[in-house]
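**Q** Sequence order for the protein chains is U and H. Position 151 of the first sequence, counted from 1, bears residue number 151 in full-length UniProt numbering, the numbering being contiguous throughout. Position 244 of the second sequence, counted from 1, bears residue number 244 in full-length UniProt numbering, the numbering being contiguous throughout.
Worth flagging that the hints you see were computed from the coordinates, not collected in a lab. The beta-carbon is built from N, C-alpha and C at its ideal position, and this holds for glycine as well. Careful: at least some of the hints might be erroneous.
Stated by the list, open to error - Straight-line C-alpha distance at most 30 Å; calculated DSSO-like pairs for lysine-lysine: (1) U:175 <-> H:309; (2) H:309 <-> U:186; (3) H:309 <-> H:319; (4) H:241 <-> H:309; (5) U:278 <-> H:319; (6) U:278 <-> U:175; (7) U:175 <-> U:186.
As the list claims (entries may be wrong) - With the Cβ distance kept under 8 Å, some of the chain U side facing chain H (calculated, not the full set): (8) 34; (9) 97; (10) 101; (11) 103; (12) 113; (13) 159; (14) 160; (15) 218; (16) 220; (17) 227; (18) 231; (19) 275; (20) 277.
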Amino acid sequence: MEWINAIVQGVLLGGLYALFAAGLSLIFGVMRLVNIAHGDFIVLAAFLALSTTSALGVNPLLTLVIVVPVMAVIGYVLQRGVLNQTLGDDILPPLLVTFGLSVIIQNGLLEIYSADPQKMNAGAIETASLALPGNLNVGVLPLVMFGVSVAVIAGLQWVFYRSALGRAFRAVSDKQDIAQLMGLNKAHVFGLAMALSLAVVGIAGVFLGIRTSFDPSIGPGRLIFGFEAVIIGGLGNLWGTMIGGIILGVSQNIGAQINPGWQLLAGHIAFLIVLAVKPRGLFPRID
Amino acid sequence: MTSANYTISRSSPASRFAAGIGILVLAALIAAPWWAGRADMRLLSEIFLYLSLACLWNLLAGYAGLVSVGQQAFVGFGGYMLFALAMFAGLSPLAAIPIAGLLGALVAIPVAVLIFRLRGAYFAIGTWVIAEVFRLSFAQVSALGGGSGTSLPVAIVRSMASSRSMREATTYWLALGMAAIVIAVIYLLLRSRNGLALTAIRDSEVASNSFGIDIWRHKFFVYVIAAGLTASTGALIFLQKLRISPDAAFSVNDWTAFVIFIVVIGGIGTLEGPIIGVIVFFLLRETLADLGTTYLLILGLVAIVVMLKAPRGIWGFVKDRTGIELFPLSRRVVEEKSDS
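Please work from the sequences and hints to get the whole structure.
**A** Structure below.
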């Protein structure tokens with residue numbers, strides 16, 4: 001029974017990892033950019049939510065209304081102001097600039113909020129749980145978060161393949177110059193992609209801050225989880241990323257069940273096994 | 001009638017001058033235990049070890065196109081191997097340093113086979129995962145102190161040299177020797193056939209592939225060499241610290257972020273860059289270290305500005321304007337005027 005419970009909790013945790021991964025996957029798909037500061041932006045969003053709850057005294061879940069647009073604006077400005085200059089054939093500049101950003105965000109947060117772990121309290125919903133058959137209890141909050149991440153992935157999928165914005169994303173992704181000739185402003189399209197990515201990061205950050213305690217140093221760890229979910233699922237496949245997140249969450253929980261020290265190690269090992277056996281991920285996009 | 005004879009030369013007046021100055025500086029540094037204080041020697045040792053790490057990272061990223069953010073995997077591995085070999089195999093720390101390097105190169109082989117499947121930026125994060133796996137694994141080894149780490153037993157430290165000052169001089173010379181070996185190995189590697197292939201790969205993978213260069217094999221070779229030397233450097237770093245813990249050994253800030261800043265500020269893809277970078281880095285650190293986290297903020301900002309405004313760093317900036325090269329690597333045509 002403990003094992004089934006560990007697996008169920010792992011699936012729910014995987015939803016959060018899929019949220020970490022979705023934004024990463026999106027910007028890589030559109031402009032081949034890997035944002036090393038991605039995890040630090042998740043933590044930044046969590047701290048933004050923390051400041052909002054303490055300033056306005058509202059439930060942390062409500063801060064989504066503020067945090068998500070703020071993160072989107074940060075994303076757009078960052079892309080237009082800094083990151084667009086780094087894009088090109090050379091992979092080094094975007095990598096190093098986002099690496100520098102990661103250091104800046106971490107130390108900036110450290111300066112403002114100190115290294116103390118923080119946690120947000122979402123009230124009664126945190127302790128509410130559903131009793132499932134077979135003596136299994138599932139928290140309402142993790143269930144809601146899982147539902148939201150499925151909805152976010154479905155929404156991104158819709159935007160990417162069914163909307164005018166998604167058409168612009170796919171066009172610049174395929175051939176930047178031709179897309180430009182067809183009247184798309186690629187600098188603006190890239191800005192929108194980063195805005196969307198950081199909006200998802202905003203949701204991920206708020207959920208992270210409610211689910212676990214957080215401090216300025218945990219960003220890189222979240223980046224690695226998101227990255228592993230992307231690679232396990234297969235590059236460029238959003239539903240694959242969702243499954244990748246779930247596999248990661250379940251492996252971590254099974255590892256923790258065997259020995260508490262093995263939780264993170266088990267996740268990394270699951271990732272390395274997939275990399276060894278199916279280097280293109282479990283569900284690579286066919287193209 | 002005046003005709004000109006053209007010859008191809010690698011050395012230039014600047015490089016010959018630099019070689020002369022280099023030998024003088026090296027001689028002065030070898031003699032440091034006689035003229036420098038204890039604190040100065042510690043600082044110099046640290047500079048040399050950072051110089052080794054920076055040169056090795058530059059070899060990977062600047063010449064082989066392998067941008068790693070996980071070199072701390074090998075720094076920590078080397079450090080732990082030194083402790084393990086000295087404590088359990090009874091080896092003298094001095095003998096353990098090259099063996100730690102060898103083991104580092106060996107462990108890099110399966111690692112490379114696995115992560116070479118990832119490309120570009122994903123390769124970078126993949127190296128980070130490997131470093132995390134190393135950190136979490138060593139934290140499980142209770143004989144090496146588990147998560148909280150361990151100190152090198154006093155008896156082993158004493159066995160290195162008869163007196164404290166002699167021990168400090170030894171570790172200083174080892175650090176200096178390490179930096180000299182690393183620079184020499186990279187210099188010779190770049191001047192060899194292998195170096196030519198690397199330059200070709202860096203300029204165009206497609207073109208070099210069509211000339212029959214085995215890209216995978218060359219990158220693999222460089223990765224394993226860099227891992228081995230990084231592990232040796234790591235062994236020395238923790239021989240100096242005399243204490244190791246998973247968090248210190250596999251710290252991404254200490255062994256990768258700082259190293260990247262050094263190379264980027266100095267000039268990536270040049271041998272001179274890391275040397276300039278390490279001097280700038282330590283000047284900044286010694287003047288701004290009191291600021292704590294603000295110092296790291298400034299460092300991150302400087303790296304971003306350099307990457308955006310002068311992507312080839314300080315040395316790239318100088319080289320573009322003057323054509324000076326201190327290490328004779330590129331070939332140039334020399335015109336010899338003669339009357340005939």
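**Q** Now, for every hint given, state plainly whether the structure supports it.
**A** Structure-based check of all given hints:
Restraint check for residue 175 of chain U and residue 309 of chain H: satisfied, since their Cα atoms lie roughly 27 Å apart, inside the 30 Å limit. At roughly 22 Å between alpha-carbon atoms, residue 309 of chain H and residue 186 of chain U fall within 30 Å of each other, so this suggested pair holds. A hinted pair counts as satisfied when its Cα atoms are at most 30 Å apart, and residue 309 of chain H with residue 319 of chain H qualifies at roughly 16 Å. Taking the CA atoms of residue 241 of chain H and residue 309 of chain H, the gap is near 37 Å; set against the 30 Å cutoff, the hint is violated.
Straight-line distance between C-alpha atoms of residue 278 of chain U and residue 319 of chain H comes to about 45 Å, which puts the hinted pair past the 30 Å bound. Restraint check for residue 278 of chain U and residue 175 of chain U: satisfied, since their Cα atoms lie roughly 28 Å apart, inside the 30 Å limit. Between residue 175 of chain U and residue 186 of chain U the alpha-carbon distance is near 10 Å, which keeps this suggested pair within the 30 Å criterion. A cut of 8 Å between beta carbons decides the hint on residue 34 of chain U: the least distance to chain H is about 3 Å, and the hint holds.
At a threshold of 8 Å, the smallest CB-CB gap from residue 97 of chain U to chain H is about 5 Å, leaving the interface hint in force. Interface hint status for residue 101 of chain U: upheld, as the beta-carbon distance to the closest one in chain H is roughly 7 Å, under 8 Å. For residue 103 of chain U, the suggested interface contact is upheld, since its CB lies about 4 Å from the closest CB of chain H, less than 8 Å. Proximity of residue 113 of chain U to chain H is violated relative to the hint, the smallest CB-CB distance being about 11 Å (cut-off 8 Å).
Hint on residue 159 of chain U is violated. Least Cβ distance to chain H is approximately 23 Å, over the 8 Å limit. For residue 160 of chain U, the suggested interface contact is broken, since its CB lies about 20 Å from the closest CB of chain H, more than 8 Å. Evaluation of the residue 218 of chain U hint against chain H yields a violated restraint, the C-beta minimum of about 13 Å exceeding 8 Å. A cut of 8 Å between beta carbons decides the hint on residue 220 of chain U: the least distance to chain H is about 7 Å, and the hint holds.
Below 8 Å, beta-carbon pairs count as interface contacts, and residue 227 of chain U has one with chain H at about 5 Å; its hint therefore holds. A distance limit of 8 Å between C-beta atoms decides the matter here; for residue 231 of chain U the minimum to chain H is near 7 Å, and the interface restraint holds. For residue 275 of chain U, the interface hint holds, the least distance from its beta-carbon to any beta-carbon of chain H being 6 Å, beneath 8 Å. Because the smallest distance between the Cβ of residue 277 of chain U and any Cβ of chain H comes to about 11 Å, over 8 Å, the interface hint for this residue is violated.
In this structure, the hints that do not hold are numbers 4, 5, 12, 13, 14, 15 and 20, in rising order.
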